Amino acid sequence: MDALDLLVNRRSASRLAAPAPQGEALDNIIRAGMRAPDHGTLQPWRFHIIEKQGLERFSALLEQAARDGEMDDKAIEKAKQSPFRAPMIITVVAHCVEHHKVPRREQLLSAGCAVMAMQMAAAAQGFNGIWRSGAWTENDAVRAAFNCREQDAIVGFLYLGTPQLKSATTVLPPDTAPFVSYF
Numbered sequence: 003m004d005a006l007d008l009l010v011n012r013r014s015a016s017r018l019a020a021p022a023p024q025g026e027a028l029d030n031i032i033r034a035g036m037r038a039p040d041h042g043t044l045q046p047w048r049f050h051i052i053e054k055q056g057l058e059r060f061s062a063l064l065e066q067a068a069r070d071g072e073m074d075d076k077a078i079e080k081a082k083q084s085p086f087r088a089p090m091i092i093t094v095v096a097h098c099v100e101h102h103k104v105p106r107r108e109q110l111l112s113a114g115c116a117v118m119a120m121q122m123a124a125a126a127q128g129f130n131g132i133w134r135s136g137a138w139t140e141n142d143a144v145r146a147a148f149n150c151r152e153q154d155a156i157v158g159f160l161y162l163g164t165p166q167l168k169s170a171t172t173v174l175p176p177d178t179a180p181f182v183s184y185f
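Note that the numbering used here gives residue 53 to position 51 of the sequence shown, counting from 1, and the numbers run on in steps of one.
Among these hints, one or two may not hold up.
Stated by the list, open to error - Below, computed lysine-lysine pairings styled on DSBU-like, alpha-carbon distance capped at 35 Å:
1. LYS103 - LYS80
2. LYS54 - LYS80
3. LYS168 - LYS82
4. LYS168 - LYS103
5. LYS103 - LYS82
6. LYS168 - LYS80
7. LYS168 - LYS54
Derived from the structure by calculation, the hints contain no laboratory data. Quick caveat: nothing in here was measured; it's all calculated off a predicted structure.
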């Protein structure tokens, strides 16, 4: 699949199993993330790879955070199980710095672009994933676990693995008219 086909037919995959990307495939994914647009060459991102025993630790962290948040039993169990949706998760943190030319907003967008690039690099190599966010990105215990400073933000959790559902290689082209105008 060439790059344009990959981009215009992009689909997230939520049912993921082993194997996860390893070795050169994982290196390619990280390198793709580091090629995200980066005004000022600040490299405003940090990638935390969660796999194997790390999934167990992340599960325990989310379970405890859910308990501390006084969530009901169903929500606690969901939090505990969520890391096991894929064999690997990459937590992407926008590592923001004060800069006279590059506002925090641009640094957040750059880290978000890194997630997209990483997902595309995974798909280009036969893997796939899904970008998840939600309340855990703002949770103090989760933020602390990923060394977030006050000015940092978790932009998402990129779940990666081998897709279990075979989808069509192309998707119906969207009607772009409602989204495009010329100035």
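To see whether the hints hold, each was checked on the structure:
1. For the hint pairing LYS103 with LYS80, the CA-to-CA distance comes to about 42 Å; that exceeds 35 Å, so the pair is violated.
2. In summary, the hint linking LYS54 to LYS80 is supported, as the alpha carbons are separated by about 19 Å, within the 35 Å threshold.
3. At roughly 27 Å between alpha-carbon atoms, LYS168 and LYS82 fall within 35 Å of each other, so this suggested pair holds.
4. Taking the CA atoms of LYS168 and LYS103, the gap is near 45 Å; set against the 35 Å cutoff, the hint is violated.
5. Distance restraint check for LYS103 and LYS82: the Cα-Cα separation of roughly 41 Å exceeds the 35 Å cut-off, and the hinted pair is therefore not satisfied.
6. A threshold of 35 Å between alpha carbons decides the hint, and for LYS168 with LYS80 the separation of about 26 Å falls inside it, so the pair holds.
7. A hinted pair counts as satisfied when its Cα atoms are at most 35 Å apart, and LYS168 with LYS54 qualifies at roughly 25 Å.
Hint check: violations occur at hints 1, 4, 5; the rest are consistent with the structure.
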